[in-house]
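K.L.:
In terms of full-length UniProt numbering, the sequence shown opens at residue 1 and continues consecutively.
Think of the hints as simulated: they come from the structure by calculation, not from any bench.
Take these hints with a grain of salt, some might be off.
Estimated spans, in silico, between C-beta atoms of each pair [claimed, not checked]:
| no. | residue 1 | residue 2 | range |
| --- | --- | --- | --- |
| 1 | S57 | R240 | 22 to 30 angstroms |
| 2 | W231 | L254 | 16 to 24 angstroms |
| 3 | V252 | A99 | 47 to 55 angstroms |
| 4 | S171 | V100 | 20 to 28 angstroms |
| 5 | L69 | R203 | 26 to 34 angstroms |
| 6 | W208 | R34 | 35 to 43 angstroms |
| 7 | S155 | V134 | 51 to 59 angstroms |
| 8 | A5 | R159 | 19 to 27 angstroms |
| 9 | L172 | A56 | 23 to 31 angstroms |
| 10 | A5 | Q207 | 38 to 46 angstroms |
| 11 | L257 | A83 | 36 to 44 angstroms |
| 12 | L151 | L52 | 23 to 31 angstroms |
| 13 | V260 | L172 | 32 to 40 angstroms |
Virtual Cβ for every residue (Gly too), placed ideally from N, Cα, C.
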Amino acid sequence: MAMGAWYVLSMVAYALALVWSGWSFAQARPSSPRTGYGLFVAAFALVTTVFLARLASLREAADYSRGDLALFIAWLMITVTVAMGRGAASSPVALLLNAVGFGLALLAGGLQAGSNTPFFPASSLLALHVALAVLGDTAFAFSFSFALMHLVLESRLRRRLFDRWYLHLPSLATLDSLALFASATGAGLLFLAMVTGLWWGDRVLHQWLLAWPKFMVTAFCLMLYVSYLIWRVRRKASTRAMMMFQVICFVVVLSNLLFVGGRLP
C-alpha cells in the first residue's frame, strides 16, 4: 500500500478518535472508554506506520523537511495519549493534545507537497476528503434513524400505546444520546471534509472553492447541525421539535448529496 493511502487511513482514524474524545469529555461520565482508547491505539499504529515509512524514504537525516517535523510532533502527541492509558483518553489534556496533534498531522501532509519524496500527493488528499465526507454523511444517516425512532416512541408514549414498538425500542434518553453523538460526529467529520476539499482545490485547481454551489450548500448543512447541537446543549434534554429538526437536517443533506453537482463540498 502506498504511503499516501496509509496517511489517509491514519487521518480518518485520528479524526474519529478526536471526535470521540470531544464527545466523551462533554459527558458527565465518559462513554465506552475501551472503544475510545481503541480508536487512539489504531490511530497511533497508523501514524507510526506513516512516520517510519517517511523516515525510511529519507536518504540522510539532513533531508528532513518542515512537514517531517510537524508529523513527528503529532506522532509524539498521540504517543503520549496512548501512554496515558485508557482512562485518560477522554481527559481535557488528551483532547487539547490531539486537537493540536491532528492539526499538525494535516499540516504535515500539505508541507510535503514541496518535498522530493512527498507522502501526500493531491490524489491522496482528495481520497481523504472523500473518506471524511462519506463518514460524515454516514453519521448523519444514523442520527436521522435515531431521531425517527425517538419520534415513534414518543408518539406511542403520548398515546399510551405500550405495544411492540415500546417494548423493543431503546428508551427516549438513549435515543437522544445516540442522535446527539451521531450528529456531533457527523458535524466534525463534515467540517474536516470541507477543509480538505478547499485544500485540494487550492493545490490542484489553484483556487479556493468557496463560491462553488456544493461548498455553499454543504456549509449550510453544517450550520443546520451546529444549530441543533447548540439548541440541544442549551436545553439539556431532547424535545419533539428537536427530533423533527434532525429529520429536516438530513433531508437537506440528502438533497445536497443527490441534486447538487460537484465532487467537492
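K.L.:
If a hint holds in the structure, say so; if it doesn't, say that too.
P.N.:
Now for the hints, and whether the structure bears them out:
no., hint, result
1, S57 <-> R240: 22 to 30 angstroms, "violated (56 angstroms)"
2, W231 <-> L254: 16 to 24 angstroms, "holds (21 angstroms)"
3, V252 <-> A99: 47 to 55 angstroms, "violated (28 angstroms)"
4, S171 <-> V100: 20 to 28 angstroms, "violated (37 angstroms)"
5, L69 <-> R203: 26 to 34 angstroms, "violated (20 angstroms)"
6, W208 <-> R34: 35 to 43 angstroms, "holds (41 angstroms)"
7, S155 <-> V134: 51 to 59 angstroms, "violated (32 angstroms)"
8, A5 <-> R159: 19 to 27 angstroms, "violated (53 angstroms)"
9, L172 <-> A56: 23 to 31 angstroms, "violated (53 angstroms)"
10, A5 <-> Q207: 38 to 46 angstroms, "violated (27 angstroms)"
11, L257 <-> A83: 36 to 44 angstroms, "holds (40 angstroms)"
12, L151 <-> L52: 23 to 31 angstroms, "violated (50 angstroms)"
13, V260 <-> L172: 32 to 40 angstroms, "holds (34 angstroms)"
Checked against the numbered hints above, the structure violates hints 1, 3, 4, 5, 7, 8, 9, 10, 12; every other hint is satisfied.
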